[in-house]
Amino acid sequence: MLLVSLVVLALLVVCSVMIGARPVAFDAVLQILTGSDDPRLRVDSVVIWTLRLPRTVLAIVVGAALGVAGALIQAVTRNPLADPGIIGVNAGAALLVVLAVSVFGWSGVLATTGAGMLGALAALLAVAVLSTRSRMSPLVLVLAGTALAAAVGGVTSGLLILDSGALDQVRFWTVGSLAGRDPELIWPSVALVTLAVLVGGAIAVRVNTLALGDEMAKSLGTSVARTRAIAVVVVAVLCGAATAAAGPIGFVGLAVPFAARLVAGLDTRWVILLSLSFGAVLLLAADVVGRVIAGSGELEAGIVVAAVGAPLFIALALRQRMERL
Amino acid sequence: MTGTDASPDALEARGVSLGYPRREVIEGLDLRIRRDSFTVLIGPNACGKSTALKGLARLIDPSRGSIVLNGHDIAHRRTRDVARELALLPQSPITPPSVTVGDLVARGRAPYQSLLRQYSRDDERIVRESLATTGTLDLIDRTVDELSGGQRQRVWISVVLAQQTGVLLLDEPTTYLDLAHQIEVLDLCARLHAEGRTLVVVLHDLTLAARYATDIVAFKAGRVVAQGAPAEVITAATVREVFGVECAVIADPHTGTPLVVPARPPHLGGETQPPAEPTHREDRSRS
Chain V
0 MLLVSLVVLA LLVVCSVMIG ARPVAFDAVL QILTGSDDPR LRVDSVVIWT LRLPRTVLAI
60 VVGAALGVAG ALIQAVTRNP LADPGIIGVN AGAALLVVLA VSVFGWSGVL ATTGAGMLGA
120 LAALLAVAVL STRSRMSPLV LVLAGTALAA AVGGVTSGLL ILDSGALDQV RFWTVGSLAG
180 RDPELIWPSV ALVTLAVLVG GAIAVRVNTL ALGDEMAKSL GTSVARTRAI AVVVVAVLCG
240 AATAAAGPIG FVGLAVPFAA RLVAGLDTRW VILLSLSFGA VLLLAADVVG RVIAGSGELE
300 AGIVVAAVGA PLFIALALRQ RMERL
Chain H
0 MTGTDASPDA LEARGVSLGY PRREVIEGLD LRIRRDSFTV LIGPNACGKS TALKGLARLI
60 DPSRGSIVLN GHDIAHRRTR DVARELALLP QSPITPPSVT VGDLVARGRA PYQSLLRQYS
120 RDDERIVRES LATTGTLDLI DRTVDELSGG QRQRVWISVV LAQQTGVLLL DEPTTYLDLA
180 HQIEVLDLCA RLHAEGRTLV VVLHDLTLAA RYATDIVAFK AGRVVAQGAP AEVITAATVR
240 EVFGVECAVI ADPHTGTPLV VPARPPHLGG ETQPPAEPTH REDRSRS
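Respectively, the protein sequence lines represent chains V and H. Numbering that gives the first Met the number 0 numbers the first residue of the first sequence as 0 and each following residue consecutively. Numbering that gives the first Met the number 0 numbers the first residue of the second sequence as 0 and each following residue consecutively.
A few of these clues could be false.
As the list claims (entries may be wrong) - Reference excerpt, derived from the structure (chain H facing chain V, CB under 7 Å, subset only):
| hint | residue |
| --- | --- |
| 1 | 58 |
| 2 | 93 |
| 3 | 102 |
| 4 | 109 |
Stated by the list, open to error - Label pairs and their in silico Cβ distance ranges:
| hint | chain 1 | residue 1 | chain 2 | residue 2 | range |
| --- | --- | --- | --- | --- | --- |
| 5 | V | 225 | H | 116 | 14 to 22 Å |
| 6 | H | 189 | V | 222 | 31 to 39 Å |
| 7 | H | 141 | V | 128 | 37 to 45 Å |
| 8 | V | 171 | H | 128 | 56 to 64 Å |
| 9 | H | 97 | V | 222 | 25 to 33 Å |
| 10 | V | 318 | H | 145 | 14 to 22 Å |
| 11 | V | 156 | H | 113 | 39 to 47 Å |
| 12 | V | 225 | H | 119 | 19 to 27 Å |
| 13 | V | 36 | H | 119 | 47 to 55 Å |
| 14 | H | 119 | V | 183 | 39 to 47 Å |
| 15 | V | 32 | H | 74 | 53 to 61 Å |
| 16 | V | 314 | H | 97 | 14 to 22 Å |
Since the hints were made in silico from the structure, they are not lab data. These numbers come from a predicted model, not from an experiment. Just so it is clear, CB atoms sit at the ideal spot from N, CA and C, and this is done for glycine as well.
Please work from the sequences and hints to get the whole structure.
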């Protein structure tokens, strides 16, 4: 299944490079990628190297990050319905982006990315402070995160209603899109996400023991509070990087690990690995579809994921008779 | 499997105080678990025997005193290293919904795994051996949800066996099981003991405890009332002191070990038993 999804991913990469406002034929793509400097392909070459490829990489990284973040947060909270947004990181990122645009008048990519990352970290800090007294109990973690997300979301909505100029600027960002992102942003995101995924992989065995209850986990040599804390930081970094790069994209973090568990069972190591690849497939597919179905314009990936993914998810869940809930 | 030192005790509590925030359950506990013994902890509900077991397994940090495992203070050791010498099966561990038997038991290998050593052929072999020991190897692909209570308990014992430790602590492994399955689990414990492991088990049935244990420790209100061989500990006087129950102790016709026969009940003409003394520290301070 991992191999199948990687093949699908490769096909999607080809589609993603070919499809767009200026379609590029398959053999032209091959020539450009293998370094042809045929003058007839010059425009196509620029389109591919500066727009399509970076955008494709971004979709893969953001999708993979959200998938892995979901897998970890669901395992750590022992809650199959948890979404990485449950620890409030996305809401924190959104608030700071809106603040930056409406109050401080920042604009452009730097504003959204920098402020988004800052907001994610601030939210993480707040949730951590609220949860440490309970030694990161999953219940307190979810309560603190949900309450924080609600409060912060309220403030964000308030700001946007009072300031219609900011609303216009932020509108596309809050939907979650991969279009028109600065290629400069990609490499920091790739680095952060890779690092976080590696740390996630390193604690996967210990996360597996958490599923057996805190006492059993401790008896198996797991430092329970420390493992949960590391997992939450990893989730925050993954979500922060994804949100800063593409805006708050929901649903991927909920549905991807669910599908991964249907295939791989409950072992967190396999769920992480599959979520990595399923997440990339889902988001890249959504981005490509968004470029096709809206005719001359584009539909944002965040919208496509929710609109197309949700019915699929419901079908999957019903087939499982919601057993795991 | 066991430590390197030659001390006669596998596990020792030295002046240990244990409890929860604002409530000490055990104060100044001194307890020695002989190496290669099958030690059974008995006592009324809430007497501190489960708390003592959790303290021995470092699930609760003592507020005073120290726990010594194979000659080393466990407070100074990495918890992963301790998990390779001592395993505890809690009273009610969580079974992840629809987990398979094989996946569950594989998690017992966690103390030996890391980022670079995720799962090896050794792990696979040890998981199968652990299941074979408890007679559940044929269940390896079933989900734990669909098993009977007795099978489930044996699968959980396989999880701690996969830890490959010399010391095994089991918190009430026979609770909720019918008599046949209680005997099945205790026979399994006896076999594990005979293979050279040190067992510390909390049990409620005194007659079964006397049959299987080499050592019995009787707890009451957070302290040790009696400790020794079954015949020394299971006496009418100790049962009266620990449980507040009048009884006769006769020789088990099959094994010769002590057999506890409670006094004639009131509806058959016996005397009313004195109400059991409150054993809980909190209860005592309240009355």
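Comparing the hints with the structure gives:
The beta carbon of residue 58/H comes within 5 Å of a beta carbon in chain V, closer than 7 Å, and the hint placing it at the interface holds. Satisfaction of the interface hint for residue 93/H is found here, the shortest Cβ-Cβ separation to chain V being roughly 4 Å, below the 7 Å cut-off. Below 7 Å, beta-carbon pairs count as interface contacts, and residue 102/H has one with chain V at about 6 Å; its hint therefore holds. At a threshold of 7 Å, the smallest CB-CB gap from residue 109/H to chain V is about 5 Å, leaving the interface hint in force.
At about 20 Å, the CB distance of residue 225/V to residue 116/H agrees with the hint of 14 to 22 Å. In this structure, residue 189/H and residue 222/V meet the distance hint of 31 to 39 Å, their C-beta atoms being roughly 34 Å apart. Distance hint check for residue 141/H and residue 128/V: the Cβ-Cβ separation is about 44 Å, which falls inside the suggested range of 37 to 45 Å. Take residue 171/V and residue 128/H: their Cβ atoms lie about 59 Å apart, and the range 56 to 64 Å holds.
Distance hint check: the CB atoms of residue 97/H and residue 222/V are about 27 Å apart, consistent with the given range 25 to 33 Å. Our hint of 14 to 22 Å for residue 318/V and residue 145/H holds, since their Cβ atoms are close to 19 Å apart. For residue 156/V paired with residue 113/H, a C-beta distance near 45 Å keeps the hint of 39 to 47 Å intact. The given range of 19 to 27 Å is respected by residue 225/V and residue 119/H, whose C-beta atoms sit roughly 25 Å from each other.
The supplied range of 47 to 55 Å is met by residue 36/V and residue 119/H, whose beta-carbon atoms lie about 50 Å from each other. Between residue 119/H and residue 183/V, the C-beta spacing of about 43 Å keeps the proposed range 39 to 47 Å intact. Distance hint check for residue 32/V and residue 74/H: the Cβ-Cβ separation is about 59 Å, which falls inside the suggested range of 53 to 61 Å. A C-beta distance of roughly 19 Å is found between residue 314/V and residue 97/H, which places it inside the suggested range of 14 to 22 Å.
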